[in-house]
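**Student:** With the hints as extra help, turn the sequences into a complete structure.
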Amino acid sequence: MRASAVLPPLQALRAFEAVGRLLSFRRAGEELLITQSAVSHHIRQLEDMLGVRLFVRKAKSIELTPEGAAYLDRTTEAFAIIASATADARRQAGRQKVRVSVLPSFAANWLVSRLPDFMLRHPEIDIDLEPTLRLTNFVSDDVDLAIRFGAGPWADVRAEWLMNEELSPVLSPSLLGDGSGFVEPADLLSQTLLDSMNPLGWELWFDDVGADFRQARILQLTDYNIALQAALNGQGVAIGRLLLIGDHLASGRLVQPFATTVRSEKTPYWLVMPEHRRLSPAAESFRVWLREQAASVKTGQVDR
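By numbering that gives the first Met the number 0, the letter at position 149 of the sequence shown is numbered 148, and the numbering carries on one by one without gaps.
Be aware that a few hints might be false.
Simulated crosslink set (EDC-like; lysine to aspartate or glutamate; CA at most 20 Å straight-line) [unchecked claim]: (1) 96 to 165; (2) 265 to 206; (3) 96 to 141; (4) 265 to 141; (5) 96 to 127; (6) 265 to 129; (7) 96 to 140; (8) 59 to 29; (9) 265 to 183; (10) 96 to 123; (11) 265 to 202; (12) 96 to 116; (13) 96 to 125; (14) 96 to 46; (15) 96 to 283; (16) 57 to 46.
Restraint-style ranges between C-beta atoms, simulated for each label pair [what the hints assert, rightly or not]: (17) 176 to 154: 43 to 51 Å; (18) 118 to 56: 48 to 56 Å; (19) 152 to 207: 22 to 30 Å; (20) 50 to 295: 54 to 62 Å; (21) 123 to 225: 30 to 38 Å.
By construction, these hints were calculated from the structure, which means they are not laboratory data. Note that the structure is predicted; figures quoted are calculated from it, not measured. Where is the CB? At the ideal position from N, CA and C, for every residue including glycine.
**Tutor:** See below:
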């Protein structure tokens with residue numbers, strides 16, 4: 000399809016909206032799951048097409064130019080109109096659909112295996128999962144609900160607590176060997192510790208066992224699924240999110256070198272919804288079902 004001579008590329012607009020909202024090329028790249036250089040390319044492409052500068056680049060920050068600020072307002076408005084029109088078109092099509100933004104690790108290791116139950120109860124509703132690491136923007140994204148992990152809070156949304164994660168180190172049987180290298184928790188400090196995005200889980204666990212986490216060697220990976228696969232491959236020790244890895248533990252693909260399990264209010268899963276928009280009947284059905292599923296695995300966990 001030939002590019003429009005009037006409309007800029009959609010990818011460039013999405014990059015501009017993210018940078019304008021976050022005022023950071025790096026954070027925009029993380030949200031869009033593209034490199035910082037790709038974000039810069041999209042912005043240059045848009046500036047060349049418009050013939051105006053959209054940002055003032057400073058040593059350690061960026062600012063919108065007056066032209067950029069005005070363009071961001073209209074771009075945000077346009078994305079909201081598109082999202083609303085898309086939702087209306089779906090409703091008019093006859094079938095109900097719920098689009099859920101969800102962390103890839105939660106989708107793959109917890110949610111997908113439970114979805115047949117929802118589909119059996121609600122055959123009239125289609126579920127569209129959007130696995131992503133970025134936070135949902137309910138104004139510009141065509142999303143009804145989101146599932147997130149962490150302490151929160153998040154601005155301009157409603158968040159309902161679902162359940163708290165349980166944490167304990169896990170590794171492959173090949174790395175464990177005869178267990179002689181894992182006599183006490185401090186022995187983990189000589190291993191490569193695997194985690195995603197930030198080491199909060201490891202900090203909580205080492206605090207609980209009284210070891211100095213500052214001496215640890217951490218390999219930080221983008222997504223928890225990648226950290227989990229590295230642990231399965233014997234490349235290090237992951238901080239196990241026990242709600243997600245039950246099948247791996249039951250099959251023996253992963254083992255726990257220590258019995259200590261940490262439960263914390265700092266590691267919950269949340270159901271996130273638009274702050275000023277009512278859920279559709281289909282989204283409300285999914286919300287009720289998801290809370291029921293979460294309640295069935297809360298036994299023994301920290302309640303809020």
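**Student:** All hints, please: hold or fail.
**Tutor:** Outcome of the hint check:
1. 96 to 165: violated, 32 Å
2. 265 to 206: holds, 13 Å
3. 96 to 141: holds, 11 Å
4. 265 to 141: violated, 29 Å
5. 96 to 127: holds, 7 Å
6. 265 to 129: Given pair residue 265, residue 129 is violated - Cα atoms ~25 Å apart, limit 20 Å.
7. 96 to 140: The given pair, whose Cα atoms are some 15 Å apart, holds under the 20 Å limit.
8. 59 to 29: holds, 18 Å
9. 265 to 183: violated, 25 Å
10. 96 to 123: holds, 9 Å
11. 265 to 202: Roughly 11 Å between the alpha carbons, so the hint for residue 265 and residue 202 holds.
12. 96 to 116: Given that 20 Å is the threshold and the Cα spacing comes to 16 Å, the pair holds.
13. 96 to 125: holds, 5 Å
14. 96 to 46: violated, 37 Å
15. 96 to 283: The hint holds at about 11 Å.
16. 57 to 46: holds, 17 Å
17. 176 to 154: 43 to 51 Å: Given about 47 Å between the Cβ atoms, the range holds.
18. 118 to 56: 48 to 56 Å: holds, 49 Å
19. 152 to 207: 22 to 30 Å: With Cβ atoms ~25 Å apart, the hint holds.
20. 50 to 295: 54 to 62 Å: holds, 58 Å
21. 123 to 225: 30 to 38 Å: holds, 36 Å
Consistency with the previously given hints fails for numbers 1, 4, 6, 9 and 14, ordered from lowest to highest.
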